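These protein sequences, in sequence, are chains A and B.
Mapping of the first sequence onto the numbering used here: residues 1 to 114, in sequence order.
Mapping of the second sequence onto the numbering used here: residues 1001 to 1110, in sequence order.
Far from chain B by the CB rule (all over 10 Å, computed), these chain A residues: (1) Gln14; (2) Arg15; (3) Thr17; (4) Gln28; (5) Gln51; (6) Val62; (7) Lys65; (8) Phe75.
In silico lysine-lysine, DSBU-like type, Cα no more than 35 Å apart, as pairs: (9) B/Lys1003 <-> B/Lys1069; (10) A/Lys7 <-> A/Lys65; (11) B/Lys1069 <-> B/Lys1054; (12) B/Lys1003 <-> A/Lys7; (13) B/Lys1052 <-> B/Lys1069; (14) A/Lys65 <-> B/Lys1003.
For the record, the hints were derived by calculation from the structure and aren't laboratory data.
Predicted model only: the values in this text are computed from it and were never measured.
The beta-carbon is built from N, C-alpha and C at its ideal position, and this holds for glycine as well.
This is what each chain is made of:
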Amino acid sequence: SAVISQKPSRDICQRGTSLTIQCQVDSQVTMMFWYRQQPGQSLTLIATANQGSEATYESGFVIDKFPISRPNLTFSTLTVSNMSPEDSSIYLCSVPGLRAGEQYFGPGTRLTVT
Amino acid sequence: LAKTTQPISMDSYEGQEVNITCSHNNIATNDYITWYQQFPSQGPRFIIQGYKTKVTNEVASLFIPADRKSSTLSLPRVSLSDTAVYYCLVGDTGFQKLVFGTGTRLLVSP
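Put together the whole structure using the sequences plus the hints.
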């Protein structure tokens, strides 16, 4: 299984500012995923990040709000831009496992916007 | 991706067997059924996956009837540490996007 770390683990930010979340994997992977989990809710996929190409965003998420970088096969960043209190969530990255439908998740970044 | 429906919550006591049923009426021929477990303040963790009949691993069993329109995750002799949210997902062998439903919040009491 892959070991995934995220930084920061949590942060409190003021509205209007931006936060960049880092995701580091201990092995090379082609695809990485970013999810959002709002308080008490399920996970929602934000985008898929492939190394060497633009990220693919899901409906309701745009690049201007959630720019993603994927500079190499073990690292990705997600930026939450121009934050508002509605962006308060846990943001998680994940990578595919060996089995279909299997993904390994990072511990998440808990973001609070005041 | 087929939509799944699960009970919102379940309660149990230590030592009991817990069965969580998931409905997926629109499951496609190539779809697999996958279950995840999520503890508070952690990312989801893959538990088990199956296509038909029964699958068992060291953590749980997964029962899938012949029509595959539902599945049941069985946790034998639960402990307090099994308190978590359990998600049922459906997708084909090539799928990578995970669509999480509301999940089932299991509370195990002493």
